[in-house]
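So you can see what is in the structure, the chains are spelled out below.
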Amino acid sequence: MFRRILTVRAPRRGLHEITREVAEVVRESGVREGMCHLFLQHTSASLVLNENWDPSVRADLERHLDRLVPEDAPDYTHTLEGPDDMPSHIKSAMTPVSLLIPVEEGRPALGTWQGVYLWEHRDEPGARRLVVTVF
Amino acid sequence: MFRRILTVRAPRRGLHEITREVAEVVRESGVREGMCHLFLQHTSASLVLNENWDPSVRADLERHLDRLVPEDAPDYTHTLEGPDDMPSHIKSAMTPVSLLIPVEEGRPALGTWQGVYLWEHRDEPGARRLVVTVF
Amino acid sequence: MFRRILTVRAPRRGLHEITREVAEVVRESGVREGMCHLFLQHTSASLVLNENWDPSVRADLERHLDRLVPEDAPDYTHTLEGPDDMPSHIKSAMTPVSLLIPVEEGRPALGTWQGVYLWEHRDEPGARRLVVTVF
Chain G
1 MFRRILTVRA PRRGLHEITR EVAEVVRESG VREGMCHLFL QHTSASLVLN ENWDPSVRAD
61 LERHLDRLVP EDAPDYTHTL EGPDDMPSHI KSAMTPVSLL IPVEEGRPAL GTWQGVYLWE
121 HRDEPGARRL VVTVF
Chain D
1001 MFRRILTVRA PRRGLHEITR EVAEVVRESG VREGMCHLFL QHTSASLVLN ENWDPSVRAD
1061 LERHLDRLVP EDAPDYTHTL EGPDDMPSHI KSAMTPVSLL IPVEEGRPAL GTWQGVYLWE
1121 HRDEPGARRL VVTVF
Chain V
2001 MFRRILTVRA PRRGLHEITR EVAEVVRESG VREGMCHLFL QHTSASLVLN ENWDPSVRAD
2061 LERHLDRLVP EDAPDYTHTL EGPDDMPSHI KSAMTPVSLL IPVEEGRPAL GTWQGVYLWE
2121 HRDEPGARRL VVTVF
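Residue numbers (our numbering), protein chains in the order written: chain G, 1 to 135; chain D, 1001 to 1135; chain V, 2001 to 2135.
Misleading hints may appear alongside valid ones.
[What the hints assert, rightly or not] Each pair of labels, with its calculated beta carbon distance range: (1) D2123/V with D54/G: 14 to 22 angstroms; (2) A1127/D with P2055/V: 50 to 58 angstroms; (3) G1126/D with D2075/V: 38 to 46 angstroms.
Bear in mind the hints are in silico, worked out from the structure with no lab data behind them. We put the CB at the ideal spot given by N, CA and C, even for glycine.
Let the sequences and hints guide you as you build the complete structure.
Okay, here's the thing in structure tokens:
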């Protein structure tokens, strides 16, 4: 078992690709056939797999989740940390915060169009701790 | 590999913290560095990680999911088991029913504000079986 | 570790049960106590556990997700591949694309009412690659 902490700071709110960083940890681990696990130690961001080719997919995805979980819902009570805080916790419960990906030939066995994304839900992103385990 | 069945009955609908119960199984397993897997054998409840500090987060989360998946949608056809049944199945498909958490120094490697919750979607909760595996 | 690629083509959009196919791979692996991991190499379908008894559950689930992620949202920009394409990517981010299921006595340790489903979001489904790992 090989474990690394990745610290990632997204430049802004939205989907931020980390496929390369994850592949690099898998390479470093020396594991050829196995599993790679990502775990985000936060409750206001997510980890998702999505299309890595057309950036319009990410823009539409972000816009639609904002519609389902708007900042101005009248009945939020947890509002001290700003209008983007409570929606971030809800988004983080509705999307994954952990991913388990097969490793084949020393690489994450992603589909042709799959990329790994840190989905930052806060407006002013802090550094996010990601526990990566390869086994 | 160490496996235990946890039986949990939430006192009512909503988010019910089980971080302590999970940590206790990890301790019992004797595993210092590894993984802890939780699997809920039901389709009308969920398992989520969320903020464990301010209870208003859980109240808002519950209220918002109820808005996205209301009990009175006019076109549900699966209604024999009560108005909270079909929404429970939908919520259970939109949120996790299984969690994989890194273990470090004999404990679940959660973030500072992360707690593990059984999210009960039924009004009159039965006992829920949770398969916990530490490896 | 035992790995197989399952190729599944859903007959149509919607929830397509694959519990039997998964149990067959577990049987083939010879693993008695362990874990079974499913990973979908696509970004426009999902893998979910849901009620396997009453088909009305699947119909209602499908209808409700279509309501939350409609085809005619006015602001989608990723529209070249048809009206069902962008909703598929959103649905795939809001529901699991990977499942980790305990194995007990040589079988997936599912609850009494749990079935494993490929949730196809496209209108004209292609063949879907599923990486199954038993360990």
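Let me make sure I understand: some of the numbered hints might not hold for this structure. Which ones are they, in numerical order?
Hint 2 alone not satisfied by this model.
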